[in-house]
Amino acid sequence: MFTQLRLETLKLVRSKSFYLSFAALAAFVLLMLWGFYSYAQQKTNGLATEQFKYTYESKSYFNGLTFALYSVMFSFSLLIPIFVAMTAGSQIAGERQAGTLRMICVRPVSRVSLLLSKFLVVAFYTYLLVSFFIGLNLLVGLLFVGWGNLDLYPGPLNLVDAPGQILRDEALWRFFYASFSGTWALLVVAAIAMLFSVLFENPVTAVASTLALYLMLYIVGRIEFFAALRPFFFTTDVDFWREVLKPEVPWPNVWHYAGTCGAYIFGLLLTAVVIFDRKDITN
Amino acid sequence: MWLKLLLVAFFLMSLLGAFVLAPKPQLRVNNNTVDARRPDSRRLRLLTWNIGNGDLESETRAHTEDLPAVARVIKDNDPDAVALQELTGEDQLRLLLAHLSNRYRGYVCSPGSADRTDAVLVKDNSGDTARTNRGRRRVDHDGDVRFSNVPAGDRFAAAVTFRLKTDLPQIVLVSAHADAFSAARRRAFAEVVVDWARVQPRNALVFIAGDFNLEVNTRNKNDLFTDDAKHDSESYAYLLKYFRDLGRDAGETSINDRRIDYVFGPETASQSRAEVLRGAAVGRMDHLPLLVEVEL
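Going down the list, the protein sequences come from chains R and X.
One point on numbering: in numbering that gives the first Met the number 0, the residue at position 249 of the first sequence is 248, and numbering is uninterrupted.
One point on numbering: in numbering that gives the first Met the number 0, the residue at position 125 of the second sequence is 124, and numbering is uninterrupted.
Hint data in this document are derived by calculation from the structure and do not stem from the laboratory.
Even for Gly, the Cβ is constructed at its ideal location relative to N, Cα and C.
Among these hints, one or two may not hold up.
Keeping only pairs whose Cα atoms sit at most 16 Å apart, straight-line, the calculated EDC-like set for lysine to aspartate or glutamate is [to be verified]:
| # | chain 1 | residue 1 | chain 2 | residue 2 |
| --- | --- | --- | --- | --- |
| 1 | X | K3 | R | D276 |
| 2 | R | K42 | X | D226 |
| 3 | R | K52 | X | E190 |
| 4 | X | K229 | R | D160 |
| 5 | R | K278 | R | E200 |
| 6 | X | K240 | R | E200 |
| 7 | R | K42 | R | E56 |
| 8 | X | K240 | X | E266 |
Partial pick of chain R residues on the chain X-facing surface, computed with a CB cut under 7 Å [stated by the list, open to error]:
| # | residue |
| --- | --- |
| 9 | Y53 |
| 10 | N252 |
| 11 | T259 |
All chains should be built: construct the whole structure from the sequences, respecting the hints.
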């Protein structure tokens, strides 16, 4: 199993898509920095109060933590899942397309441990990606926007129901927690992609199917027509990752949704394992 | 094989954990926080209700035929003062007061540029001993009731100043209705109303009640930043800078599960009850009344 893990890790690290995902996220952070910086300047240069007397967007509100929060929130649901699906979806189907799957499977290693070691590597990659993204946002925020407490207001991010504040050091811990809750949430997408990777011959089909399913439920879950169906979508459950960024973390909620995501992850993996174990690999 | 069993075990553990740790439904009504032995006369009961109708109707303002039902809800809940929105004008107010057997005095604000108006009602029990004998709460304002227009841009809100009892502080209730279509106009409206409330006499307890048309709760799943969300966030933050959202735990007040009707009260107000009166709406009404009770 350890040899298998080492081999899969090497394969991942040597692939171009691995570096592409980090580069794309770094580019997103730079874009966010430009947007945030110019917005903050516009809102704090004295003209902002021309139309309205009051605004909470002061110089202390715009700081590195607020920047990191906005950047992470905006990208988490729509950008990072693409890279996770890309990596996970190509695990089995990619080997099949390259013609190496049959050769791997004739080695004295069980198909179950092969699939699980691939998934573990995807999980490691997901954590690396999420923690890199959070860390980079915090670093860029610290260097270019400055430090302060994290002020939260109801509305734009729909994170809180009442104004609240997380002190700087506590906020850093919250981002650390978010790297784990975020990874766990994304592993649901990874597990779906793994299953599709087993089911389909082509990695493009596996990745596209995963993203189609994810985006379809994500969009539908945000349309009021489907409010009654919303609790049954996995995209609703994966949203739990942001709960750790609330002033008071609703831990019972976090554990409940983490459990639900766990059921998705292990249920999908089990299905993938059972199918893969019985699958006739002809090429 | 053991790997498969391990996966099954993890799957079952996660499933079990999700069920066991399922969050309990939140208690919507908060009516047990104040000592029941406190005299009832020190409690202020306020009701706000947008009695207009859903957009599909040709007449979206209050329907005259709905007024008996509105009066019944007011009578049944016996609030000390009421904030109503979307009346057509004074005629409807007079009719409503008649349905209330003239137990209340009322006032509609100038419509300004709007085609609908807000109203405030306050209990009128001066000298009516028969009613108090039937157990109804009374407002001993000794005729010291003052109605006024609150200018807010090109429209108005209605306000009433009264006392629950002569030894209790003066109460100001504003009935407000913010723009339904423009978040920027809502923000400007909220600022003006709050600023008006802030210049009221220091010892007066000011309550702002009404349909603010802004929804800022986490039920919305839009993660992206929009100007409208930002304006509503600023409006709400400004209101909370000086007031408490007394109906926060009462739940949604409008169709499509929206909480857009509010009662904002002083920070010091000790809240004893906040309840959305479900089932009160009749006809095509798209809002529910919000009842709030505070200890003075």
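Consistency of the hints with the structure:
Distance check on the hinted pair: K3(X) and D276(R) sit about 10 Å apart at the alpha-carbon level, within 16 Å; holds. For the proposed pair K42(R) and D226(X), the alpha carbon gap of about 13 Å is at most 16 Å, so the pair holds. Restraint check for K52(R) and E190(X): the C-alpha separation of about 7 Å stays at or below 16 Å, so the hint holds. Between K229(X) and D160(R) the CA atoms are separated by roughly 14 Å; this keeps the pair inside 16 Å, and the hint holds.
In summary, the hint linking K278(R) to E200(R) is supported, as the alpha carbons are separated by about 12 Å, within the 16 Å threshold. Using a Cα cut-off of 16 Å, the hinted pair K240(X) and E200(R) is violated, with the two alpha carbons roughly 59 Å apart. Our distance criterion of 16 Å between C-alpha atoms is met by K42(R) and E56(R), whose separation comes to about 7 Å. A threshold of 16 Å between alpha carbons decides the hint, and for K240(X) with E266(X) the separation of about 9 Å falls inside it, so the pair holds.
With 7 Å as the threshold, the beta carbon of Y53(R) comes within range of chain X, its nearest partner Cβ sitting at about 5 Å, so the hint holds. With its C-beta approaching chain X no nearer than about 5 Å, N252(R) sits inside the 7 Å limit, and its interface hint holds. Because the smallest distance between the Cβ of T259(R) and any Cβ of chain X comes to about 4 Å, under 7 Å, the interface hint for this residue holds.
Checked against the numbered hints above, the structure violates only hint 6.
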